[in-house]
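Undergrad: The chain contents come next:
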Amino acid sequence: MFDAGKVIIGLVIFLVLITFPVWYNATIGNASYVPDPQIITTAPACVAPTAYMKASHMDLLNQWRDDVVRRGNREYVAADGTVYNKSLTKTCMDCHSNKAEFCDRCHDYVAVGQPDCWDCHIAPEGGAR
Amino acid sequence: MLENALRGDRRYWSWIALLLGIMFVAFLFYLRQSSYGLGITGLGRDVTWGFYIAQFTFLVGVAASGVMVVLPYYLHNFKEFGKLTILGEFLAIPSVIMCMTFIFVDMGQPFRILNVFLYPTPHSMMFWDTVALGGYLLLNIVISRIVLDAERKGITPPHWIKPVIILSIPWAFSIHTVTAFLYSGLAARPFWMTAILAPRFLASAFAAGPALLILFCFILRRVSKFDAGREPLQKLAVIVTYAMAINVFFVLMEVFTAMYSNIPEHLLHFQLMYFGLEGNTSLVPWMWLSTVLAVVSLILLINPKTRRNEAVLAVACITTFLSLWIDKGLAMVIAGFIPSPLAAVPKYWPTVPEAVISLGVYAMGLFIVTVLYKIALSVRERLAA
Amino acid sequence: MSIDRRQFFKIAGLATLGLAGKPAYEVFAQGEDVVDSVTVTSETPPVPTGPLTAHRWAMAIDVRKCLDQKDCKKCLLACHQVHNVPDFGNPKDEIKWIWKESFEHAFHEQDFEHLPDDLEHQVVPIFCNHCDNPPCVQVCPTQATFRREDGIVMMDQHRCIGCRYCMAACPYGSRSFNWRDPRPFIKQVDPAYPTRTRGVVEKCTFCDDRLARGLLPACVEACEARAMIFGDLEDAGSGIRELLRQRLAIRRKPGLGTKPEIYYIV
Chain A
1 MFDAGKVIIG LVIFLVLITF PVWYNATIGN ASYVPDPQII TTAPACVAPT
51 AYMKASHMDL LNQWRDDVVR RGNREYVAAD GTVYNKSLTK TCMDCHSNKA
101 EFCDRCHDYV AVGQPDCWDC HIAPEGGAR
Chain B
1 MLENALRGDR RYWSWIALLL GIMFVAFLFY LRQSSYGLGI TGLGRDVTWG
51 FYIAQFTFLV GVAASGVMVV LPYYLHNFKE FGKLTILGEF LAIPSVIMCM
101 TFIFVDMGQP FRILNVFLYP TPHSMMFWDT VALGGYLLLN IVISRIVLDA
151 ERKGITPPHW IKPVIILSIP WAFSIHTVTA FLYSGLAARP FWMTAILAPR
201 FLASAFAAGP ALLILFCFIL RRVSKFDAGR EPLQKLAVIV TYAMAINVFF
251 VLMEVFTAMY SNIPEHLLHF QLMYFGLEGN TSLVPWMWLS TVLAVVSLIL
301 LINPKTRRNE AVLAVACITT FLSLWIDKGL AMVIAGFIPS PLAAVPKYWP
351 TVPEAVISLG VYAMGLFIVT VLYKIALSVR ERLAA
Chain C
1 MSIDRRQFFK IAGLATLGLA GKPAYEVFAQ GEDVVDSVTV TSETPPVPTG
51 PLTAHRWAMA IDVRKCLDQK DCKKCLLACH QVHNVPDFGN PKDEIKWIWK
101 ESFEHAFHEQ DFEHLPDDLE HQVVPIFCNH CDNPPCVQVC PTQATFRRED
151 GIVMMDQHRC IGCRYCMAAC PYGSRSFNWR DPRPFIKQVD PAYPTRTRGV
201 VEKCTFCDDR LARGLLPACV EACEARAMIF GDLEDAGSGI RELLRQRLAI
251 RRKPGLGTKP EIYYIV
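Residue numbers (my numbering), protein chains in the order written: chain A, 1 to 129; chain B, 1 to 385; chain C, 1 to 266.
The set of hints was computed from the structure by calculation and includes no laboratory data.
Treat each hint with caution, since some may be false.
Claimed, not checked - Derived SDA-like pairs (lysine to any residue); straight-line CA-CA distance at most 25 Å:
(1) B:Lys-153 with B:Ala-5
(2) C:Lys-70 with C:Thr-53
(3) B:Lys-374 with A:Val-7
(4) A:Lys-90 with C:Thr-53
(5) B:Lys-347 with C:Ser-102
(6) C:Lys-253 with B:Gln-271
(7) C:Lys-74 with C:Glu-113
(8) C:Lys-253 with B:His-123
(9) C:Lys-259 with B:Pro-264
(10) C:Lys-73 with B:Leu-342
(11) C:Lys-92 with B:His-123
(12) C:Lys-92 with B:Gly-42
(13) C:Lys-253 with B:Ala-5
(14) C:Lys-65 with C:Lys-92
(15) C:Lys-65 with C:Gly-89
(16) C:Lys-253 with B:Glu-278
(17) A:Lys-54 with A:Cys-95
(18) B:Lys-374 with B:Leu-148
(19) C:Lys-253 with B:Glu-254
(20) A:Lys-99 with C:Gln-188
(21) C:Lys-187 with A:Pro-124
(22) C:Lys-187 with A:Asp-116
(23) C:Lys-253 with B:Leu-342
(24) C:Lys-259 with C:Asp-235
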């Protein structure tokens, strides 16, 4: 019914274009570096283990957000019994005070460039982009 | 089937190019709106809904009106509408898509729109309106696809499609009823808080939609080999006549209630529309134009001699459509916000970006109509050949 | 009988006031003779004693006390300052959580024809009524605005899709929309409180964050005339209830059945 040859050529062009970012970065070498977020902190421990925070900090933040705004529940008790205020700017950024060095390095790398948080919440001075 | 839309003469392609051009310009304006915010429109703290939502409301009516050819054909076995049902469904699909696009461009945070489904809220009429519109779109896509496919292959459509078509009939009524409920349940806005709003919406929809369909059939007769025939269009014209008469009757009932009861919060909105309020007269010429057009439409439609003359009928359809568009696609939403709950008389008029973006959505709708009609008529032409 | 009960509540209210554990808001909420025993001004905020909680938060506004302070804007300046409310300088884009509206407009459904001289052409503070039966909550398609158990009508800006249905439904015009990016129009950004982003709705939240820290709403704290009385409407011994027992209060558009929780004592 249709010209099979043209269809195949079209599909190949489509595949090349859609995979462009992958092979472009592979050739240029941008994908090979590993981001190195600076953990600027004054506290001995985070609210949760590092491995959990690395993988799931967004879940924790969403949980905190809903707890505070929707349930009026502002206290977080860590595994070691320490009580924290569920607050991005007052608890997280208290230690990780440099947004550019801490948040942005990884977020830029994985191209989740600017999470919506900073549209409203105000990053500590000096760390803003 | 889609390949039918890729074959056409120069006139077809220039029409397509024109529509795509308008859509492109409108898209640029939309990019501007999404970076600046909805402040680019004429909307403000007091008039929070305007041209976009009004177009949405009007087009829900056009979408629902497809039922005016489907119902007689499938429930009353009214054979003359056989050739028209697909056109009705192919008008409903782009109308619903335009509705959804108008909602999308009106959102402050359009990319969060899925929150409506992530946090379903049965006590919000907007939730039900989303459900109703989505369902109606799906129904019409399934029905038109199955029926046209069967027609193309020269077979009878599968039996299961009949109940789906029957379901689409009450569903069509429901989309416009729920859209009226968006407004008529608000204690804060006395102008909209009237039980007659849903029936009035349906009446105006069943006049404006079929009027548009008649006009499309006249155009198709000129630009294609498709002829809907004289009698089906005359029957549609009768539907337009009754619906328009009922609509005008409903409007007069609204006016009576507001005028005779003399309650300021009801009366002031009518005063704003027809005479102006505290210097705000932007709607006045439009409302009188709508009134004159409605009277002209009724005279031309009710009189059998004029209605049976196709040239006059075309004029009557244009006046009907314009009259109802002014009433519902312009004034109805704006007037509900003026005066404000604090008795202020704010001003609102759509800005250029707002108008261009709206034009772009309409161009998109016409584009989809063109492509769908092209497909349907090409299938028919091939069968006839 | 009724007088006995009244006196009982009065005594009970005063007695509980003396107890150390009673939160500071009660001090404000009591009549003026009691307030004098504790000096609280905006310079020396009350020492927080844990979160302030209630079964149903409400506010009474002593209109005459408010009017005594000619051209006073302390409540709205304080509110807009702590909540990073922008000032666009035009009515179209305007965002306001609390503002002064003429008595005639705030209560226009009453169609006051001949007001007492001291009320005529005067302005009263108006803001979200934190209705018991809020139409905004009813219409919101995402539950971005919702009513807390303690009666506060909250706004979750994270979830708001910006459809502005709540603004169409609010009979009091209490809601504002971010028609454009508010940040450049905030005179002095308080980093402790978030700003909003364009495309979401905002309004008064009865300072839920301050209540959680044991502080009274910013407007109440800023009002030097102590014309704003904040308290628990379900606590029969609360100051606001005491005041409502003594004086006639009106509410905005009570006929709509929204049950507004802001009482204007006239």
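Undergrad: Now look at each hint and say whether the structure bears it out.
TA: Do the hints match the structure? See the list:
no.	hint	result
1	B:Lys-153 with B:Ala-5	holds (18 Å)
2	C:Lys-70 with C:Thr-53	violated (33 Å)
3	B:Lys-374 with A:Val-7	holds (24 Å)
4	A:Lys-90 with C:Thr-53	holds (22 Å)
5	B:Lys-347 with C:Ser-102	holds (20 Å)
6	C:Lys-253 with B:Gln-271	holds (23 Å)
7	C:Lys-74 with C:Glu-113	violated (30 Å)
8	C:Lys-253 with B:His-123	holds (23 Å)
9	C:Lys-259 with B:Pro-264	holds (23 Å)
10	C:Lys-73 with B:Leu-342	holds (20 Å)
11	C:Lys-92 with B:His-123	violated (30 Å)
12	C:Lys-92 with B:Gly-42	holds (8 Å)
13	C:Lys-253 with B:Ala-5	violated (57 Å)
14	C:Lys-65 with C:Lys-92	violated (32 Å)
15	C:Lys-65 with C:Gly-89	violated (29 Å)
16	C:Lys-253 with B:Glu-278	holds (23 Å)
17	A:Lys-54 with A:Cys-95	holds (15 Å)
18	B:Lys-374 with B:Leu-148	holds (12 Å)
19	C:Lys-253 with B:Glu-254	holds (24 Å)
20	A:Lys-99 with C:Gln-188	holds (21 Å)
21	C:Lys-187 with A:Pro-124	holds (18 Å)
22	C:Lys-187 with A:Asp-116	holds (22 Å)
23	C:Lys-253 with B:Leu-342	holds (11 Å)
24	C:Lys-259 with C:Asp-235	holds (17 Å)
Hint violations for this structure: numbers 2, 7, 11, 13, 14 and 15, all remaining hints satisfied.
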